[in-house]
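Take a look at the letters that make up each chain.
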Amino acid sequence: MRVSFLDRLPVRLAGAILLLGFIAVPLVSELKRRAAERIVLQQAEVQSATATIAVVEGLQDVLRSVETTVRYLARDLEDRELSPAEVDRITRNVMAGTPNFCEFSISFEPRALGPDIERFGHYLYRNGSRLVERDLAAPGYRYWTRDWYNDTLGRGGLTWSEPFFDQGGANANVVRISAPFYRNVGGRRVVAGVVAAGLELGWVQQLTEENEFFDTGYVLVFSRDGRLIVHPNPKYVFTETMDSLAQKTSTPELAQIYQRVLAKRQGSISYLSNTFHARIHENYKPVEIGGWGVIVGYKESEFLRQVSAFRWITQVSLGATLVLLLAIVLLTTRFALRPLERLATVSQEIARGNLDCEIVPPRRNDEIGHLTRSFLLMQETLKKNRLLEAAVRERTAEVAAANTKLTSENLERRWANQALEHQLRYDQLIINSIADLVFVFTKAMNISRVNPAVVHLTGWELQELINSPLSRIVRLQEDPLGARSKIADPLAQALAEGRDLRDKPATIEDRNGRRIPVRFTMFPLRDRDKVVGGIAVIQEIPT
Amino acid sequence: MKKHILIVDDEPEIRELLGQFLGGSGYRVSAVPTAVEAQRLVAKDPPQLVISDLQLEDSDGLDMINQLKATLPDTPMVLLTGVFIDAKVVRETLSGKVAGYLQKTAPLGKILDEIRLLIGP
Chain A
1 MRVSFLDRLP VRLAGAILLL GFIAVPLVSE LKRRAAERIV LQQAEVQSAT ATIAVVEGLQ
61 DVLRSVETTV RYLARDLEDR ELSPAEVDRI TRNVMAGTPN FCEFSISFEP RALGPDIERF
121 GHYLYRNGSR LVERDLAAPG YRYWTRDWYN DTLGRGGLTW SEPFFDQGGA NANVVRISAP
181 FYRNVGGRRV VAGVVAAGLE LGWVQQLTEE NEFFDTGYVL VFSRDGRLIV HPNPKYVFTE
241 TMDSLAQKTS TPELAQIYQR VLAKRQGSIS YLSNTFHARI HENYKPVEIG GWGVIVGYKE
301 SEFLRQVSAF RWITQVSLGA TLVLLLAIVL LTTRFALRPL ERLATVSQEI ARGNLDCEIV
361 PPRRNDEIGH LTRSFLLMQE TLKKNRLLEA AVRERTAEVA AANTKLTSEN LERRWANQAL
421 EHQLRYDQLI INSIADLVFV FTKAMNISRV NPAVVHLTGW ELQELINSPL SRIVRLQEDP
481 LGARSKIADP LAQALAEGRD LRDKPATIED RNGRRIPVRF TMFPLRDRDK VVGGIAVIQE
541 IPT
Chain B
1 MKKHILIVDD EPEIRELLGQ FLGGSGYRVS AVPTAVEAQR LVAKDPPQLV ISDLQLEDSD
61 GLDMINQLKA TLPDTPMVLL TGVFIDAKVV RETLSGKVAG YLQKTAPLGK ILDEIRLLIG
121 P
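Taken in sequence, the protein lines are chains A and B.
Quick note on my numbering: the first sequence kicks off at 1 and runs consecutively.
Quick note on my numbering: the second sequence kicks off at 1 and runs consecutively.
Excised from the complex, chain B in its bound form (with noise of 0.2 Å):
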């Protein structure tokens, strides 16, 4: 059964490369914009790895993240961050909160490692 991954993003763009670029690597992905509609997927149909942008139309990514961990404990999730943020400021200060990060600068296949370090295959 393919592993399913959640992405949160408000960009339509980053929401079809990576959904249409996971589903061809064996994952089964849904992607949503807001963390509303997160909220109402994971209560349906909880995934396996959550991938979230850190600034999200009606939320910040990271608080969305906390609110799913309730629901979610042993769900990795992972946050996509922009230039905005700096990586090594995340990595120094988010690493306790989520399971990695992803810039969304990085190569698709940079991004495809480190999704199968969590969850597998």
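Here chain A stands alone, though its shape is the one from the complex (with noise of 0.2 Å):
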């Protein structure tokens, strides 16, 4: 029987690996993908958080210097007496000082600065290069009825701006940060006015973009009233709220960050951004100063690509895999099988009755080489049994025959002795059933045969009359002299001539020597026409 090519083992056996491959390696695949998806993601997470942190912290940084400055120059001009110039002077001292400031400004309480001077306030901005000087007790600005000149006071301590754009000083986006100082007056502290400094935004910018990020990473910067400070397009700075933004882009999750800072709280989340069209993750911190926070952002998909790459490679690498084992496979089984395909060959020959088949000696010692020394073993065996099987069916066919014939035989024997039973029977019942005397003797005139009616009437013993002579018990009365000698005479005579004698008066002695008138016929008996005896027939004569 020739085996097809989809049951050969070998490709039954390849046809597995590739059906578990094509299960196997899209499952692991899949499975490796969503792990490394996680690892990355966190991985991306973590560091997004630690660019958040490390935004912040420059942030903090910067704001914690300016804070600590100006704090300090406001602790510097209380209870200090000075002249408009020393004020001048200490103004234009901390612009020199404090590059990063672009403006900087001493504003009095009425009569603070002397008893002559109602209001006075000496403010300077940088203009490129140079410092411009203006007077803020001018008729045009009047820094007493600023709101940042009132809340300050009304605060009492260090108050930060929300930032604005400085129209007519600096020219540029800035926030303010302000502080009280005051005298002693009396024995009370009383305000004396106020120092504040403004800081140019641009710095923000630079600090964020300092920081690198990912490809995709981008950062926002937002102020307490959620103003846009930085912003990776540049039209929603300074012209968008985080809440206006989230309204106008459909990202409510930028409304959800805000408040989150504003209650200042940290964390991160993934969305849909319609902004971005694309997955984005972002890390939120609120900054301690300012009231202000940051937002960290990257789209997860410059990540996944990573695991996109790393999935390719990892299908091409269980792709290879599966390859290197199917053809190892391929290989192990063709030369572990050919073997066996040799005596499944010598096994279907065997099958068909071919015994004499050759089967090659093996000269390996493996499994298949003891299947083929058995397949030798078996070989033999079974020509041994083919010539034991040959001689015991010819026996048992024999035997068969011979038992057919027997009980033919036997059958025929029993059939043959029935019918000779039956004659017999039938026979010696004609004889018996005849109410006359029937003697059958031989040719020498010995009795051989009676029937019960001569045993009847006589009363001899049957055992007395057989091979007894005749003339013993019958006598024929024409036997003149009575002689017994002679009275077998005529008999012997008839007999030896064949003739009957028919109804001849005759006596008959019985056992107590009665002799007993009868009539007495005899005919010859003869087997093919010749005399070998005779039978009579004598009646009882009637009284």
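Quick caveat, the hints were computed from the structure, so don't treat them as lab data.
The C-beta atom is built at its ideal place from N, Cα and C for all residues, glycine as well.
Please note: incorrect hints may appear among the correct ones.
Estimated spans, in silico, between C-beta atoms of each pair [claimed, not checked]:
no. : chain 1 : residue 1 : chain 2 : residue 2 : range
1   : B       : Arg28     : A       : Ala397    : 23 to 29 Å
2   : A       : Asp500    : B       : Lys69     : 58 to 64 Å
3   : B       : Leu117    : A       : Asp503    : 45 to 51 Å
4   : A       : Ala397    : B       : Lys69     : 44 to 50 Å
5   : B       : Lys69     : A       : Leu429    : 44 to 50 Å
6   : A       : Arg386    : B       : Pro73     : 57 to 63 Å
7   : B       : Arg28     : A       : Glu409    : 54 to 60 Å
8   : A       : Arg393    : B       : Arg28     : 26 to 32 Å
Calculated lysine to any residue pairs in the SDA-like style (CA-CA distance at most 20 Å, straight line) [claimed, not checked]:
no. : chain 1 : residue 1 : chain 2 : residue 2
9   : B       : Lys104    : A       : Arg425
10  : A       : Lys299    : A       : Thr249
11  : B       : Lys88     : A       : His422
12  : B       : Lys104    : A       : Leu420
13  : B       : Lys104    : A       : Leu429
14  : B       : Lys104    : A       : Arg413
15  : B       : Lys2      : B       : Val32
16  : A       : Lys264    : A       : Gly58
17  : B       : Lys97     : B       : Leu108
18  : B       : Lys69     : B       : Lys88
19  : B       : Lys110    : A       : Ala419
20  : B       : Lys110    : A       : Ser408
21  : A       : Lys405    : B       : Gly23
22  : B       : Lys44     : B       : Pro33
23  : B       : Lys88     : A       : Arg413
24  : B       : Lys69     : B       : Leu102
25  : B       : Lys104    : A       : Arg414
26  : B       : Lys104    : A       : Gln315
27  : B       : Lys88     : B       : Ala106
28  : A       : Lys299    : A       : Ser270
29  : A       : Lys405    : B       : Ser25
30  : B       : Lys110    : A       : Leu411
31  : B       : Lys110    : A       : His422
32  : A       : Lys32     : A       : Gln315
33  : B       : Lys104    : A       : Leu424
Build the complex: two chains, separate frames, hints provided.
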């Protein structure tokens, strides 16, 4: 029987491996992809969180230094007798010593600078490399009417303004920090004025750009009121707040982040962004100074690309492993199964009855070698068995034939015996049924058989009659002398001549010696025309 | 399908031997001792041949054959005769009533030849 291609063991093994591969490779690849995604995104989040902290710390360092400077100046001005010239000097010194200030001002409460000076407010701002001086008490400005001044006095401490465009001053986006300073009047600490410093916000953008984030990374910095100070899209800077942008771009997540930052909470969030048209991940953290907030975000796809590449590499490597495994299996099974295929062919031949097919004796001692030797042994045994079976078959057939013949012969014999018994029984029946006395006698005239009527009439026992001379009990009356020696003579003569004697008067002697008159008839018994004896029929004469 | 032969004989040995022999010769054999049982069996399982002794315990073989012919008009009936009946007499007097006659003293082979002649192997 020829094994079809699809039923061959190497093909089946290869098919199983391929099937396994088709199931396992995508499955393993998908599982690895998910695991890799999880790991990569976790790492990205850690990096993102670290970057967020870096930006926040950077902002806080600058803002804290500004706060420290302003606080120091406010304290330095306390209980100090100043003149307008000294205020100008101090102001110029501050501007010279703190290049990150784009403006600086010292404003006094009425007559706080001197009894003759009702109001005094001195303001310097940078215009390129030079400093420009302005009088804040001038009728066009009147600093005591400004929110920044009154709010600072109202708060009584350091106050950060919302970012704003300083029109007519620094002409830049700035944020202002202001602090009141005091005088000791009659043992009371009385507000004497406000020092204020302005920071141009360009440095914030620089700070965020100095921190290298991911390729798709971006930073958002927003103020306490949510105004965007830094945004990857410059058109939103200062023009939009977190709430307005959230509404404008249908990104409620921005509003959520803003609220959490206001609540001094930090965290992260992933969502599908309408602004970036991608799924993004954002870490957010409040800045401890100024009420600002920072968001560092990135597109998850940037990292998932790495995973995709990793997935492709995984699939290729798994595929290559599969091909290698397939090749190994095919080669191994081919090497291992070739002898088995030969044995399969041999077994088919043996199964067909060809016990003389050739089995090459093995040279290997592995399992296949043992199997081949077993086949050789089996072949020899089968040959012996075949001879034995043939002999047994032949002998069985002979025995069966003999048995059939014997049975048949036995049956024939039993039937023949039955027929013989039947014949004899009915012959006997016929003789025994005759009421007359019947004697069968031999050629020598000795009685060989009698019927029951003889025994009944004469009283002689059968044993006494058989083989006795007929003349012992039967006497023909034709014998005038009555000599027993002569009685048989006419009878013997008739028998010798083959003649019948019919209805002759005679007597028969019973066991008591009484002679009974009878009629005597004799017929010769012939066998193939030769007289072999006679039958005498004797009828009792009724009295 | 094996042909069915009914043997009716009051002698058990005849029934056994003849049944065994005809069974071994490819026939299906039923053997009963009386005419009543023969009638009952014929009604249940009609034979293709009836072999009957002339003298039965409860009936005369010829009478029974006449009765069976009413049920099995086309079935050959064979008389099995003993030494009481002279073969010549049977042949001359009963040939119109039975399909054949067999002597109990005849060899089995001859009996089989006669049966095959009547109903085939």
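Worksheet item: Failing hints, ascending?
Response: As far as the earlier hints go, 2, 5, 7, 17, 18, 23 and 26 are violated by this structure, in ascending order.
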